[in-house]
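K.L.:
Chain residues, written in single-letter form:
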Amino acid sequence: MRNFTHLRQLEAESIHIMREVVAECQRPVLLYSIGKDSSVLLRLAQKAFYPGQIPFPLLHIDTGYKFKEMIEFRDRYTAELGVKLIVHTNTTALRDGATPFAWGTQRCCGALKTQALLDGLRAGAFDAAMGGARRDEERSRAKERVFSFRDTKGQWDPRNQRPELWNLFNTRIHSGESLRVFPLSNWTEMDVWQYILVENIPIVPLYFAKERPMLVRGDSLLPIEQPFVPRLPGEQPRMVKCRMRSLGCSPCTGAIYSDADTVQKIIEELVTMRRSERQNRVIDHDQDGSMEIKKQEGYF
Amino acid sequence: MAAASVLLEADEVLPSFLELEQQKDLLRFTTAGSVDDGKSTLIGRLLYDSRNVYEDQLESVTKASVGRNAGAIDFSLLTDGLRAEREQGITIDVAYRYFATPRRKFIIADTPGHEQYTRNMVTGASTAELAIVLVDARKGLLPQSRRHAYISSLLGLRHLVVAIN
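Residue numbers (the numbering used here), protein chains in the order written: chain A, 1 to 300; chain B, 1001 to 1165.
It should be emphasised that the hints constitute simulated quantities derived from the structure, not laboratory data. Idealized CB from N, CA, C, for every residue including glycine. One thing to keep in mind: the hints can contain errors.
[Stated by the list, open to error] If you anchor each label on the Cβ, the simulated ranges turn out as follows:
id: 1; chain 1: A; residue 1: V216; chain 2: B; residue 2: D1056; range: 18 to 24 Å
id: 2; chain 1: A; residue 1: L197; chain 2: B; residue 2: L1027; range: 20 to 26 Å
id: 3; chain 1: A; residue 1: P213; chain 2: B; residue 2: E1019; range: 36 to 42 Å
[Claimed, not checked] To be clear about the criterion: a stretch of chain B counts as covered by chain A if any three or more of its residues have a C-beta under 8 Å from a C-beta of chain A, and this derived list gives those stretches:
id: 4; stretch: 1022-1028
id: 5; stretch: 1081-1094
id: 6; stretch: 1097-1106
id: 7; stretch: 1114-1125
id: 8; stretch: 1135-1143
Modelling step: build the complete structure from the supplied sequences, incorporating the hints.
P.N.:
Below, the structure is given as C-alpha cells:
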C-alpha cells in the first residue's frame, strides 16, 4: 500500500471490502441509487471481479419520485454492464397518496425509502447490502463501521457497534440479521469526483450544468418534475443554469447555481464550495439528528 | 479545501492541480488519551483552522453551542455525531473525519476516552499510522493516557505524539 497514491489506496481498500463480502456472505446485494457514488461502486465491483461478471444483483429502491433522467440512465447503464437489476417500490404507500407535502418528509421517507428498503431486502433474503454511503457526508455516518450490523428488524444500534480491527471484518450473523457494508466509507466527495475523472465513469447528466426550469425561492432552486409540488400564488418556473450536487427524489432535492458542465469544472467548483453536499437534501434537516434517527429505523 | 483553492485561481491551473492531487499520499492518524482531555475539541479545531468545515456545518454547531459553556463554538460538536454524545458531552464511538492540505490527505479517527468505550478506541486506532496522545496539563498522565499509549503500541503504531493541552 505504501507507494500508492491516496486514490489507489482507497480503490484497493474498497475492492478488498467487496471481495470480503462475496467470500463471506450468502446472498449479497448492491444497493444502487443511480448517483455518482453508485457509479463509482459499480466500477469498483467490475474491477474487483474482472474478468468475471459482477457476482451480485443490484437493488434499486424506487420511490416513484426519482428524476426521469435517473431512471433512463439506470436502465441504459445496467443493461450495458449486463448486471441483474431488481427494482422495489412501496406501491401501497404510493397508492395511499404518499408525497412529502401530503405526508411530511419524515413519514414519506419512512414509507417510500426505509420501509421499501427493508421489504426489498427481505423479499430477496439478502444478508449483506452494500451501499455507497460515505463517512464524510454526514456526522452520524462518520460514526458507522464499514461492516455495520443490523438486527432482525433491520435496525442500527449506534451505541453498541462491533469492534472492527485493521482490515479484518466481522461478518458473523444469525439468521434474520444482516449487514450493511460501505466500501466507500473513507472516500470524500472530492475523491469520488477525481476517481470519476481519472476512470472516465459514466454519471447521470443531471450532475452537469444546463438550463433547467426551476422554482426560484431565495437561494433555493426547486425542480418541478412532479405536478404536486405546491406553487406560491403567481409563481412561475424560470430557466436557470444549474446542476444537482447530489441526487435523490426530485421534490426533495434542490439544485445549485452552476456553470460546471464537465467533470473537470465540477472539481474546480468543489474546491471553492463553502457549503456541504447534503445541505440541499431536505430530509437531512427535518429534525435534530435526523439522519441518525432514520438510520436507526433501517434507512440506508 | 480552501487551502487548495489558492492554487485554482485560473482555469489553466486545474490540470496541474489534478496532477498534484494524484501525487498526494494518505496519512491516517488517531487521537488518544483520557476523557475530557480535549481530543474531539482538538480535531474540531484542526478542521476549523485548516478551513475544512463547511459553512452550514459551522452554523449548526454554533447554534448548538449556546449554553454549553465551551465558548462561542464548541468544537467537539463537529465530531460528536450521535445524539447521545451531544447530550452527555462525551464521545462514545469513533468518528472519522477527512481533510487535506496541499501536500497530503488525512483521515482522522477521533476516539472516545471513557474506560468503558476503550474497545471503540481500539477500533479507531487499529487503522491509524500515528496516534496523538492528549494530556490535560492540570491533571497530568492518567491511567487512560497510559492505557491508550500502550494499546497504540500493542496495535503496532510506530508514531506517537504527546500533546499537552
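K.L.:
All hints, please: hold or fail.
P.N.:
Verification of the supplied hints:
no.	hint	result
1	A:V216 x B:D1056: 18 to 24 Å	20 Å, holds
2	A:L197 x B:L1027: 20 to 26 Å	23 Å, holds
3	A:P213 x B:E1019: 36 to 42 Å	39 Å, holds
4	1022-1028	holds (count 5)
5	1081-1094	holds (count 8)
6	1097-1106	holds (count 4)
7	1114-1125	holds (count 4)
8	1135-1143	violated (count 0)
In terms of the numbered hints stated before, the structure departs from hint 8 and from no other.
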